[in-house]
Amino acid sequence: MFLKKWYPTLSILAFLSLWQILVIYLHSTLLPSPFVVAKSVLTHWHSGELPHHLSITLWRLAQSFSISMFLGCTIGIALGLNEKLNAFFDNWLVIFLNIPALVTVILCYVWFGMSEAAAILAVVLNKVPNVIVTLREGTRALDKNLLGMAKCYGFSRFKTLRHVILPQLHPFLMSATRSGLALIWKIILMVELLGRSDGMGYQLHLFFQWFDIASILAYTVAFVTVIQAFEFLVLQPLDKLALRWR
Amino acid sequence: MTAVKIQIHEKIHHDAEIPTIENFSLTLNAGEFVCLVGQSGCGKTTLLNSIAGLDKNYSGEIQIGNQTQKSQIGYVFQQPCLLPWRTVRENIELVFANKNEILKVQIDFLLEFMNLTAYANAYPKQLSEGMKRRVSIIRAFAINPDLLLMDEPFVSLDTPMAREVRELLTQLWQKRPHTVLFVTHDLREAIALADRLIFLTARPMRVLEQVNVAIERNQRNAEFVEQFKRQLLEKHPQLQPLL
Chain A
1 MFLKKWYPTL
11 SILAFLSLWQ
21 ILVIYLHSTL
31 LPSPFVVAKS
41 VLTHWHSGEL
51 PHHLSITLWR
61 LAQSFSISMF
71 LGCTIGIALG
81 LNEKLNAFFD
91 NWLVIFLNIP
101 ALVTVILCYV
111 WFGMSEAAAI
121 LAVVLNKVPN
131 VIVTLREGTR
141 ALDKNLLGMA
151 KCYGFSRFKT
161 LRHVILPQLH
171 PFLMSATRSG
181 LALIWKIILM
191 VELLGRSDGM
201 GYQLHLFFQW
211 FDIASILAYT
221 VAFVTVIQAF
231 EFLVLQPLDK
241 LALRWR
Chain B
1 MTAVKIQIHE
11 KIHHDAEIPT
21 IENFSLTLNA
31 GEFVCLVGQS
41 GCGKTTLLNS
51 IAGLDKNYSG
61 EIQIGNQTQK
71 SQIGYVFQQP
81 CLLPWRTVRE
91 NIELVFANKN
101 EILKVQIDFL
111 LEFMNLTAYA
121 NAYPKQLSEG
131 MKRRVSIIRA
141 FAINPDLLLM
151 DEPFVSLDTP
161 MAREVRELLT
171 QLWQKRPHTV
181 LFVTHDLREA
191 IALADRLIFL
201 TARPMRVLEQ
211 VNVAIERNQR
221 NAEFVEQFKR
231 QLLEKHPQLQ
241 PLL
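Residue numbers (my numbering), protein chains in the order written: chain A, 1 to 246; chain B, 1 to 243.
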């Protein structure tokens, strides 16, 4: 259908119009119009402030994301493969899953000082349990017959991982990646707000004190745009490549 | 060539009341073609899995070849067990431990023989059940195994194809003798293929009777198979429920 291709564009236009209608209806300084926000994005961009803080936050995101995925996948696969290990560590996992993000952030700062490492550690501690749970489920759902085939034909560990296990874990990896990005960036802002002197969280804190809503929305728009671009340019092509056999 | 010594005192599944296999002992001579005949569900697949090392949860001992050199095992599972995310050719080539050792000519010949050349680069999802089955047979043949385990390998093939693959199996085996353990519930198939028939009891599985088929394979026509079957029943009436 012709219209279907334009659905994403149409939905964004609808969102913007709804926003504009609300602005006209409420007529409040607390809700700037899309136009004002767009102008604010440009101003912050040209002053060099937005790129600076955005890139700092993105760098923190990349670091904590890679560490969490690596640790989470390793531990998750190990727990999924080993009943005994899982029975022992299951309680630990439940505890870590239920510690509020704010608590880990505060404790990391108190125990390890207001450092960059403490900030990253706090984010990682919040994310790793989620990755573990997702990958553990994926590992438990592995096809036993295919693993038997690999074993019978003497596949090496690496070969089994690459050709038998990882393709089956792909959907779980993607799901951990997507939910991970969303979760991590929310926690990073909190970490920055509480104990860093740069990054998006720190900036948002300043704007909050000045009640500068247009700037807050401008930063939000910039960040959401970057994450969406990552989804379209990296994650979706990756999906397509990995699932070409379907 | 590889001889196999199987001695299983007991194999019991964790949720079962009676053992699947009990006091089972069987020796396969090197290069021998042995058919296991028994009712479905009697524990034949469990036995093959134990031999292949996939199920180590039994009391007893299974010795394959000599200890010094690991025997290459080819296994045609009851399901095709292909990797859906790899093409037909990749699925076959993956069973070679080393990329340089892949027997391209052999694989091409087998693909051609099984009418699968056109599908070499297709993914399993695009194949019918019978085609997948043929790929899994090629995979087991391609590595030139020392021990070939086949678990009802011809069930989803149509009759002419089954006959051709059976002939190919005999040809390959005569060209390069290796030990074959072949599970079937089709006595005619067993008579046509085997050096020795092993009849099995229902659970717990034991050896009920052993019968040698001492006649050249090319003389085993349909008439011979029928006659052999009749004589078998006259000599061993206790086999009646199996047939």
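Please keep in mind that the hints were generated in silico from the structure rather than gathered at the bench. The reader is advised that the hints may include incorrect statements.
[Said to hold, decoys possible] Chain B is nowhere near these chain A residues, computed Cβ spacing over 12 Å in every case:
| # | residue |
| --- | --- |
| 1 | CYS152 |
| 2 | SER156 |
| 3 | HIS205 |
| 4 | LEU206 |
[Claimed, not checked] Here are the simulated DSS-like cross-link-like pairs (lysine-lysine), alpha carbons at most 25 Å apart as the crow flies:
| # | chain 1 | residue 1 | chain 2 | residue 2 |
| --- | --- | --- | --- | --- |
| 5 | B | LYS70 | B | LYS56 |
| 6 | A | LYS144 | B | LYS175 |
| 7 | A | LYS151 | B | LYS235 |
| 8 | A | LYS84 | B | LYS132 |
| 9 | A | LYS240 | A | LYS4 |
| 10 | B | LYS132 | B | LYS104 |
| 11 | B | LYS5 | A | LYS159 |
| 12 | B | LYS229 | A | LYS186 |
| 13 | B | LYS125 | A | LYS151 |
| 14 | B | LYS125 | B | LYS104 |
| 15 | A | LYS144 | B | LYS70 |
| 16 | A | LYS144 | B | LYS229 |
| 17 | A | LYS151 | B | LYS229 |
| 18 | A | LYS159 | B | LYS132 |
| 19 | A | LYS5 | A | LYS240 |
| 20 | B | LYS70 | B | LYS229 |
| 21 | A | LYS159 | B | LYS175 |
| 22 | B | LYS104 | B | LYS5 |
| 23 | A | LYS84 | A | LYS5 |
| 24 | A | LYS84 | A | LYS186 |
| 25 | B | LYS56 | A | LYS151 |
| 26 | B | LYS125 | B | LYS70 |
| 27 | A | LYS159 | B | LYS99 |
Note that CB positions come from ideal geometry on N, CA and C, so glycine has one too.
Evaluated hints:
A beta-carbon of chain B is positioned within 12 Å of the beta-carbon of CYS152/A; the least distance is around 5 Å. At the 12 Å boundary, the C-beta of SER156/A falls inside the reach of chain B, the nearest C-beta of that chain being 8 Å off. Its beta-carbon lying about 47 Å from the closest one in chain B, HIS205/A satisfies the requirement of being farther than 12 Å from that chain. No Cβ of chain B approaches the Cβ of LEU206/A within 12 Å, the least distance being about 49 Å, so the stated non-interface status holds.
Taking the CA atoms of LYS70/B and LYS56/B, the gap is about 17 Å. The hint holds against a cut of 25 Å. Annotation: proposed proximity of LYS144/A to LYS175/B is violated, straight-line Cα distance about 34 Å (limit 25 Å). A threshold of 25 Å between alpha carbons decides the hint, and for LYS151/A with LYS235/B the separation of about 42 Å lies outside it, so the pair is violated. Annotation: proposed proximity of LYS84/A to LYS132/B is violated, straight-line Cα distance about 36 Å (limit 25 Å).
Between LYS240/A and LYS4/A, the direct Cα distance comes to roughly 20 Å. Compliance with the 25 Å bound is thereby established for this hinted pair. Distance hint between LYS132/B and LYS104/B is fulfilled; the C-alpha atoms sit about 20 Å from each other, no more than 25 Å. Using a Cα cut-off of 25 Å, the hinted pair LYS5/B and LYS159/A is violated, with the two alpha carbons roughly 30 Å apart. In summary, the hint linking LYS229/B to LYS186/A is not supported, as the alpha carbons are separated by about 75 Å, beyond the 25 Å threshold.
Simply put, LYS125/B and LYS151/A have alpha-carbon atoms about 23 Å apart, close enough for the 25 Å limit, and the pair holds. About 23 Å separates the Cα atoms of LYS125/B and LYS104/B, which keeps this hinted pair within 25 Å; it holds. For the hint linking LYS144/A to LYS70/B, the alpha-carbon distance of about 24 Å falls within 25 Å, and the restraint holds. Proximity of LYS144/A to LYS229/B is assessed by CA-CA distance (about 38 Å); at most 25 Å being required, the pair is judged violated.
For a cut-off of 25 Å, the pair hint linking LYS151/A to LYS229/B is broken: about 38 Å separates their Cα positions. Taking the CA atoms of LYS159/A and LYS132/B, the gap is about 22 Å. The hint holds against a cut of 25 Å. Pair hint LYS5/A plus LYS240/A holds up; C-alpha atoms about 19 Å apart against a cutoff of 25 Å. Annotation: proposed proximity of LYS70/B to LYS229/B is violated, straight-line Cα distance about 38 Å (limit 25 Å).
Of the supplied pair hints, the one linking LYS159/A and LYS175/B is violated, its CA atoms being roughly 31 Å apart against a limit of 25 Å. In summary, the hint linking LYS104/B to LYS5/B is not supported, as the alpha carbons are separated by about 33 Å, beyond the 25 Å threshold. With a C-alpha separation of about 51 Å, the suggested pairing of LYS84/A with LYS5/A is violated against the 25 Å cut-off. Distance hint between LYS84/A and LYS186/A is unfulfilled; the C-alpha atoms sit about 34 Å from each other, more than 25 Å.
Restraint check for LYS56/B and LYS151/A: satisfied, since their Cα atoms lie roughly 12 Å apart, inside the 25 Å limit. Simply put, LYS125/B and LYS70/B have alpha-carbon atoms about 34 Å apart, too far for the 25 Å limit, and the pair is violated. Restraint check for LYS159/A and LYS99/B: the C-alpha separation of about 12 Å stays at or below 25 Å, so the hint holds.
When the structure is compared with the earlier hints, violations turn up for hints 1, 2, 6, 7, 8, 11, 12, 16, 17, 20, 21, 22, 23, 24 and 26 and for no others.
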